[in-house]
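Throw the hints in and build the complete structure from the sequences for me.
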Amino acid sequence: MTAVSTPASLLRSVHAMDNAEVLRIRNDFPVLDQLVNGKPLIYLDSGATSQNPLSVIEAEQEYYEQRNAAVHRGAHHLAVEATEVFEDARQTVADFIGAQYEETVWTSNATEGLNLISYALSNAALWAAQGRGGSALKDLAIGPGDEIVVTEMEHHANLIPWQELAFRTGATLKYIPISDDGTLRLDAAAEIVGERTKLLAFAHASNVLGTINPVPELVTMARRVGALVVLDACQSVPHMAVDVKELDVDFAVFSGHKMLAPTGVGVLYGKQELLDVLPPFLTGGSMITTVTMERAEYLPAPQRFEAGTQRISQAVALATAVNYLTETGIDRIHAWETTLGQRLVKGLEAIDGIRVVGPASGTERIGLAAFDVAGVHAHDVGQFLDDRGIAVRVGHHCAQPLHRRLGLTATTRASTYLYNTTDDVDAFLDAVSGVRAYFQA
Amino acid sequence: MSLDQLYQQIILDHSKQRHGSGLAQTDAPDGTSTGQSHQLNPVCGDEVTLRLAVSEGTVRQISWDGAGCSISMASASVLSELGEGMSVEELHSVIDNFREVLRSRGKVQADPEILGDAAAFEGVARYAARVKCAMISWVAAEDALNQATA
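Chains as they are written, first to last, in the numbering used here: chain A, 1 to 441; chain B, 1 to 150.
One or more hints might be untrue.
[Unchecked claim] In silico SDA-like links for lysine to any residue, alpha-carbon gap of 25 Å or less:
1. K16(B) <-> Y438(A)
2. K39(A) <-> Q8(B)
3. K132(B) <-> V36(A)
4. K39(A) <-> E100(B)
5. K16(B) <-> G375(A)
6. K132(B) <-> Q8(B)
7. K132(B) <-> G389(A)
8. K132(B) <-> H403(A)
9. K16(B) <-> E297(A)
10. K107(B) <-> N37(A)
11. K132(B) <-> T49(A)
12. K107(B) <-> D386(A)
13. K132(B) <-> Y438(A)
14. K271(A) <-> N323(A)
15. K346(A) <-> D18(A)
16. K16(B) <-> Q440(A)
17. K16(B) <-> T409(A)
18. K174(A) <-> E191(A)
19. K16(B) <-> A437(A)
20. K245(A) <-> Y101(A)
21. K16(B) <-> R355(A)
22. K16(B) <-> D352(A)
23. K16(B) <-> G353(A)
24. K39(A) <-> L3(B)
25. K132(B) <-> Q400(A)
26. K132(B) <-> D386(A)
27. K39(A) <-> Y127(B)
28. K107(B) <-> V219(A)
29. K132(B) <-> A391(A)
30. K132(B) <-> A374(A)
31. K16(B) <-> H403(A)
32. K132(B) <-> L408(A)
33. K39(A) <-> D4(B)
34. K138(A) <-> V219(A)
Derived by calculation from the structure, the hints in this document are not laboratory data.
Spelled out as structure tokens, the structure:
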């Protein structure tokens with residue numbers, strides 16, 4: 001974590017966040033200052049996408065106003081400046097998650113990061129079969145008889161790339177089931193992760209259940225059998241301190257737009273020894289050393305995985321977002337969101353006809369809650385709340401298998417961030433308590 | 001535009017007392033030619049399977065099963081009640097009219113003379129995200145009607 005240096009941030013770091021501070025934070029987010037259907041907007045959909053503070057919006061604008069150029073090419077002034085801020089941004093984001101600069105790859109979003117790993121691994125099998133890429137690659141090649149393990153609570157983005165990797169390589173996809181309380185069944189996991197397992201992919205925190213998965217236990221299981229670990233950190237990195245080295249995962253992905261940055265930029269972390277030997281996913285300009293008409297040699301990571309002109313302004317904006325989170329204090333944000341999350345779940349549990357999915361109040365979960373309202377479809381719940389200026393997500397939240405397991409087709413989800421007050425949560429709860437009466441359920 | 005104009009009582013009633021619901025338990029009348037269509041909205045999971053039975057140019061029965069929001073379920077119920085007994089041409093023209101109203105963003109008013117209870121869905125046209133909910137069973141009916149009369 002970046003050391004706090006100014007007296008102001010030092011002062012903030014020792015105090016827990018409160019509503020007064022949140023209201024000051026909210027002033028930094030222009031989009032939150034508006035009326036929706038005549039009521040002040042209450043934004044509880046940050047799990048889908050977060051809002052941008054002015055500093056982030058200005059960082060992107062400033063880049064275009066003062067520095068815009070193609071990076072890593074050309075010797076002119078703007079190209080040098082653009083390259084500098086682009087690579088500084090990489091270092092900022094790497095520091096934020098405890099990674100090395102070389103291990104931090106820009107992607108469009110987490111989904112692209114997961115597909116990148118999936119395709120790099122099937123390319124590894126193709127390369128190894130033709131004797132390309134050396135002996136290190138042979139160990140990474142996945143083939144028939146091998147197993148890929150995911151969990152029942154995954155977002156489609158951390159499920160389908162592995163289904164397709166299994167299809168391309170002839171491997172088998174297995175999954176760790178969940179308990180009724182929305183936690184992973186570690187007893188089952190210990191049996192499923194076995195000698196044939198080559199890769200274990202799971203969410204750090206569930207975007208529906210709010211469950212925080214036990215990374216150390218799962219990593220230990222994977223290490224015992226020599227399997228790679230892929231962590232979907234979309235719902236953790238924006239909300240809590242994540243150190244990829246401490247967690248000892250092989251790969252981790254997250255999206256910028258869920259952590260105060262614009263859309264179009266995400267990050268793939270991978271251990272350097274893996275990234276440097278894995279074949280690229282996308283090929284083309286900026287990722288090569290020498291090219292002949294017959295073949296090409298590739299740069300080491302991170303450029304190895306960054307073909308074509310990059311999302312430079314978004315990367316710069318993401319670094320600005322990271323600075324915003326660091327200055328506020330990611331541990332303080334996590335503590336505040338935990339308070340909001342518990343208040344959400346406890347409040348929902350007290351309303352007749354509401355079923356919250358995932359861990360009950362009083363147990364560990366992130367600052368969101370998805371729930372079913374007896375007799376009222378989630379889409380109608382969302383419409384009712386929107387009429388009161390409250391923005392939530394409705395549907396299957398890109399987790400159809402999980403909803404099927406829960407016996408539901410859709411849920412309503414409220415998700416918090418650093419700009420939400422306890423008053424937001426209370427207004428939401430008050431509105432939800434009127435839903436069934438309105439729909440005569 | 002208030003929420004009450006979207007969720008009119010007639011819609012809430014139909015979403016609970018669903019006319020024509022129970023496809024799996026209902027046989028098509030003897031001597032009719034049938035068409036069946038399944039429609040799914042992957043965004044929200046709304047789903048409708050609708051069967052339409054026709055004889056001598058008249059729609060004899062509209063049966064369906066579905067799961068979804070109150071708008072989608074009420075819309076299927078109203079359609080089933082309204083369409084039964086209509087000529088094939090009449091139902092085609094009512095479906096066209098309903099689509100025109102729903103896609104007009106509120107510019108085209110619903111005529112109760114033509115649409116009956118389905119005129120209550122006029123308010124949906126102002127909620128772009130909900131138009132598909134109201135349309136899903138009507139898309140299924142159009143498809144089933146084309147099959148039954150092919």
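For the pair supplied as a hint, K16(B) and G353(A), confirm whether the alpha-carbon distance does not exceed 25 Å. holds (17 Å)
Pairwise hint evaluation, D386(A) against K132(B), where the allowed Cα distance is 25 Å at most: Judged against 25 Å, a Cα distance of about 18 Å means the pair holds.
Check whether the Cα positions of K39(A) and Y127(B) lie no farther apart than 25 Å. Holds, because 18 Å separates the two Cα atoms, which is no more than 25 Å.
Holds or violated: are the alpha carbons of K16(B) and A437(A) at most 25 Å from each other? holds (14 Å)
If you draw a straight line from the CA of K138(A) to the CA of V219(A), is it 25 Å or shorter? holds (22 Å)
Given the hint that K132(B) pairs with Y438(A), test it: the Cα-Cα distance must not exceed 25 Å. holds (22 Å)
Pairwise hint evaluation, G375(A) against K16(B), where the allowed Cα distance is 25 Å at most: holds (9 Å)
Checking one constraint from the list: CA of K245(A) to CA of Y101(A), max 25 Å. Satisfied? Judged against 25 Å, a Cα distance of about 13 Å means the pair holds.
Holds or violated: K107(B) to N37(A), with C-alpha atoms at most 25 Å apart: Holds, because 20 Å separates the two Cα atoms, which is no more than 25 Å.
Restraint status (C-alpha distance of K107(B) to D386(A) at most 25 Å): holds (23 Å)
With the threshold set at 25 Å, check whether the alpha-carbon distance from K107(B) to V219(A) stays at or below it. violated (58 Å)
Verify the proposed pairing of K16(B) with Y438(A), using a straight-line Cα cut of 25 Å. holds (14 Å)
Of the numbered hints given earlier, the model fails hints 4, 9, 28; all others are met.
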